[in-house]
Amino acid sequence: MSENAKKDLTAEIKDLVVEFRTDYGVVQALNGLELEIERGKTLGLVGETGAGKTTTGLSLLRLIPNPPGVIVSGSIKLDGKDILSMGDKEMQAIRGKTVAMIFQDPMTSLDPVMTVEQQIAEVIKLHEEGGQAEALKRAREMLELVGIPGSRGGEYPHQFSGGMKQRVVIAMALACNPELLIADEPTTALDVTIQAQVLEMMKGLREKYNTSMLMITHDLGIVAEICDKVSVIYAGRVIEHGTLEDIFKNTRHPYTEGLFNSLPNLEDRQAELKPIKGLMPDPSNLPKGCAFCPRCDYAMDICKTEKPGRTYRSDTHYVECHLYNKDNIQEGKVKSR
Amino acid sequence: MIKFIIKRLVALIPVLLGVTLLVFFILDLAPGDPAKTILGEQARPEDIAALREEMGLNDPFIVRYGRYMFDLVQGDLGTSYKTRDPVGEEVWARLPNTITLALTSTVVAILLALPLGIIAAIKQNTLFDGVSMFISLLGISMPVFWMGLLLILFFSVKLGWFPVAGADQGIKSLVLPSVALGFMHMAAIARTTRSSMLETIRQDYIRTVRAKGLPEHEIITDHALRNALIPTTTVIGLQIGQMLGGSVLTESVFAWPGIGRYMIQSIQGRDIPSVMGCIIIFAIGFALINLLVDLIYGFIDPRIKAQYK
Amino acid sequence: MRKRTLRVFATAMVLSLAASLFTGCSSGNKQGSSDTTQGGADTTQAAGGSGDASGSGAASSSGKDTLIIVTANETPSVTTNLHNAVAGDYLNRMTHNCLFYMDENMAVQPDLVESYENPSDTEWVFKLKQGVKFHNGEEMKAADVKASLELCKVSPDVSLYGTSTGTIEVVDDYTVKITTDGPQSGLLIDLCHHGNAILPAALIESGHDFNKEPIGTGPYKLTAWNKGESLEFEAFADYFKGEPPIKKVIWKVIPEGSSRTMALEAGEADLIVEVENNDLSRLADNSKVAVFNEGSTSHNFMMINNEKAPFDNVNFRRAIDAAIDKNAIIQVALNGAGTVADSMVPDCFPGTTNEGAPTYDVEKAKAYFAESGLNAADCGFALICSDDTKLRVGQVIQSCLKENLGIDITLESMDLATYLDVTATGDYDAAIGGYTSNSLLAYAQGVYHSDSINASNKTRTNEPEIDALIEKIQATVDQAENEKIVTEFNLAINELCPQVPLYMRNNVRAYDSGLAGFNLNAGGNTYYDWMSWGN
Amino acid sequence: MNSVSAVKENEQISVKKKSQFVDVWKRLCRNKTAVLGLVIVSLLVLIGILSPIIFDYETQVIKTDYSSTLQPPSAEHPFGTDELGRDILIRTLYATSTSLSIGIVTVIVALAVGLVLGSAAGYFGGKVDMIIMRIMDIFLAIPGTLLAICIVASLGNSIMNLIIAQAVSATPKFARVVRGAVMTVRDSEYVEAARAIGAKDTTIIFHDVLPNSLAPIIVQTTLEVASVILSIAGLSFIGLGIPAPRPEWGAMLSGSRSYIRDYSYMCMFPGLAIMITILSLNLLGDGLRDALDPRLR
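Chains as they are written, first to last, in the working numbering: chain A, 483 to 819; chain B, 267 to 575; chain C, 3 to 537; chain D, 17 to 313.
The following block holds chain A by itself, in its conformation from the complex (with noise of 0.2 Å):
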């Protein structure tokens, strides 16, 4: 699975950091994130609720609300092309163009005064050639394509059930035939089993159109339905990264145990569940050494006071542990002490 020709990437983050200055103090949402997406491959980037999932998602549309977020250092690749020094005009032809979103609530994501073919058809308007009719015509068109009759483009979002919202935004999302759809969380506020409708359209959406993806989401089981590579984030940071099967099968940072741990084993019900203690560190006031450090089984006093390093398991997995090093990372899953 070695990687050595330039990888075709369609969006690349280096080094970024972004902190949120508000009258409460400083948070640090994304501290030095690297992430890579390959082109018409699906990254999946899994974290807990406030690990800065959301805030990625963001940065690639350079959407974080400012005030109060920050973008302070680091590089956002488009396509191999900056997007942190662009214009503002430059910057809203990509938005919906080169990358859409899908945003976690349905719910509130659509505006409620506006007919959903007329929000379709706003960015295929904005985007593409011809003009409000044509629009219109390819907003129903999308509509059709996520499964909603496009005699319906007409209503208003209060007249949609919850799924059939999201499929709205994921029509939506799609309108310009995007290179980067960023989907946070699109499934989280479903039901079960519209979660699995919607997942199974994306995918079908994905194929079509050779799309590449970020999958923001907590859910491993997503993580493993839809995704080829997985980035795991903790408090700002990718401490883990692989492919699927680096990071199912070849799992070595404490913080990813924990999260599969945390899944109900259904082969085995009488197996314990180990919930990972505690909760995400103050992102105003992260500890000084490995951000995971109070709350792993494994601590050491390194841990407290320096910050882990990244250390390689093969071309395509990483992880930033204290734990390991070149010559303990091969020896499998995590040393038990």
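Calculated directly from the structure, the hints in this document are not laboratory data. These numbers were taken from a predicted model, which means no experiment stands behind them. Ideal Cβ placement from N, Cα and C applies to all residues, glycine included. A portion of the hints provided could be inaccurate.
[Said to hold, decoys possible] Partial chain D-side listing against chain C, Cβ under 7 Å, derived:
hint, residue
1, Leu100
2, Ala260
3, Tyr275
Place chains B, C and D on chain A using the hints.
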């Protein structure tokens, strides 16, 4: 839609009935004899007695109220104790003035408030935001009659730009009262506009729109404003209602010949039919404005329109 | 003092009238005028008429032909028999005439009457002027007079002024005979009241709405009434004394005192009727504005309920009267626009006197108080003040009584309606009030006669001797004799001290100094047809 | 084991409640304008409490002195004197207690009645709600100022009647706010939980529903005090306010309005006093709203 309007108008009837009973009752508590007030300090008892009889003041409360309501349902607001003219005529003659003042000051208030509130919200926490919100607070905090007197002092007496009082110089007469009243209401509207804009701007759907690549000004005009207008419309409606009441003070500072001033005069003269007439007109006006506001909601917010079945 | 002047000019002649119109000085008196009219002289109006004519000539030379008058209160009605409001009286004087009018010196003068005779104490024969036109073009005749005076009798608002007129008979088209119910010395004065204004009999009968179209014989016709805002008048071309020089008069209502002043200063008003006292000095300094500030018949007092302790004690009443610094009241409440009143009746009428009434004297007050045998601690009372001015008056009284006699009083704010009610029924201790009347008789009847208890006799004075004296004044038609009884009555009432007189209010007007012929009598009447735009 | 965790949970809850209050307080303190408002309001309350103690009503507040009428501000009379020679500074300060106490008492009365009516309507819904709110609608159908004018005109202008009039016109507003707040809380999980364990209606209303509906009520209360003070000034302007000689800003303003041109200081100070009071109450109210509803920050 029409059904909705009719339903609302029908629902208005019991409220208005309650209003008449309430006000009739309150005014009945008033000490002082209308007949005595009309005839003045020098009146003789026999004249007062004769006038009381003529005005039907000797009947019990229920009889008087019943008689009043009987006339009212026939569209007769009664006869003014003071002028002996039909109250309907008295009120009707002054109504246009009050409506004009309320409308112009609403226009003044909206024209000032919307841009102020929107820009303040967009430039939240900037100097502009601070200054405009401070101005709005001043508008809320300054008693309107004080504001009126200061305006007269400055613009009429010192500068001589506008007439001191009255309504006989057309638009020139209208400027100061509208500004005084409008400024007060501008404040409330601007603040609501700002806060609802702020709330709207933070909504997920605005983020969605942003993610579509819509230019910022279009986001504001096409999405944020339209949504923010819903609470703003409520406040504007409430403000017009308040303006009807608040015009009482403005009208007396600027000698504006409207219903508000008429009502005060009537109250002082214990001219109960006139006071009743004014209150009923105000209550109807208030209700109609609220109805209008609800209809406007329908145009802005399809969720509400759906309920107008 | 003004009254003295009047006396000196007791024999002032009718011919001096025309001159006095324009100088605005006060001369002549009631006696003089009634002598002339009784003689049936026909020269009076001719002289007045020529004066008007010259005034109108002067006016036509200047371009301005509109007069804007600003007043605080809108009249409840312009129908002469349906109100007894000062604001309405002002307007009635523009559109109507009565048989008589009160001239600048409060003397009764014939208006629609050419001449009259008084064959006996109870019989009066009036010869009407011929050719007097109503606004609708009809000629005024005796039948109109009869109908109008009878209308007054049955209208509660003004029927007070219809009692003295007794029976009215039409002798011929231009002669009316009134037979009074006993001698009535106040008849002619009552006939000056707007309640007795002459309206067309036909319109009275047909139920014409005079409030929409007040048809009379007056110098102006009402053209528009913008309710709550203004009333517009235009000159009546066929006015029997000649078309008035100013062609258009607008009455504007501005309730706020300072706004009225500003309107005058800004040139939006030519004449303001109620001048804010605080603005007097400012207006006096303004060369474009003339200020009229003269005494009136408005007698203002602290009325006290004589039926209640401690006011049932005459020495207590005298004590508080003597303890109040009336000059301070005039300064504080009126900004000087008034004169001290000590007499229990307005001292502007013939025969009145200050003698025997307490004056401000702290030592005397203390002496009276000692004599009353009362304890200051038991003498507290509530003083009703029904407007801002009265409140200021009340505050002065409060501090005077506290300082001079150690009496604590409380001030009670009250609206006019309640005030009228509680004071009339005697459900009060004390109140600031006033009484304005065009004759001493009317004043005495209203304020001190026991028949007026529960009405305008708010001190509830109930003394048979006083009643008898008042009735005697009423029945004595002879002027000289009448005056003697007035003095007798005045001395008696001063002795009784039923209330605490405070001040005589001034009539204050301010107007554009370009306005010529401005006039005002103590009763507040202005003769609009005398005014013109001079230079 | 179980009991221990229960205790722990309890602790956590109480800590949470406390910290909620601390949180609100902290958020309020971070808001500079709200702090300014709070400081001024506290100062005003202090003045309101102290001035009746420091100044003698009879000799300093209402005593007239004709030797020193209408004096412009000076060292002796920093705010000048009025037409009766009374010190405007003392009267302005003294009036603080009048205005604030009337404002507060009125709002307490209106709040108490509004709380009962609003929570009954909101909690029980159905017929109770309909009847109460229809009656409130009648009151709300008349603009508040006009209703207050009618009531004061009818009952006479005493402080008591002013409070009644203002409270009557303010009550429906509170009832509405409370009803709205209660209705949103009524169907929430914790109230359902309380109902499930058989708590009485009144207990639920006062222990569960109202405390959780406090935010909008507190804000409304603050703003209503301001509007009552303003409204009383308005009533004074048309002669239906606080009876003289007791100083009240509105009455002082109204009394000074004929002097506004030559002695503008007379209306400046009471006018400013009203403005500052309303301003600070509004700042505080806004700050409270933001602090209680952190979504907006």
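Here's how the hints hold up against the structure:
1. Leu100: holds, 6 Å
2. Ala260: holds, 5 Å
3. Tyr275: Hint holds; D:Tyr275 Cβ to chain C Cβ min 6 Å, cut 7 Å.
Against the hints set out earlier in the document, no violation occurs for any number.
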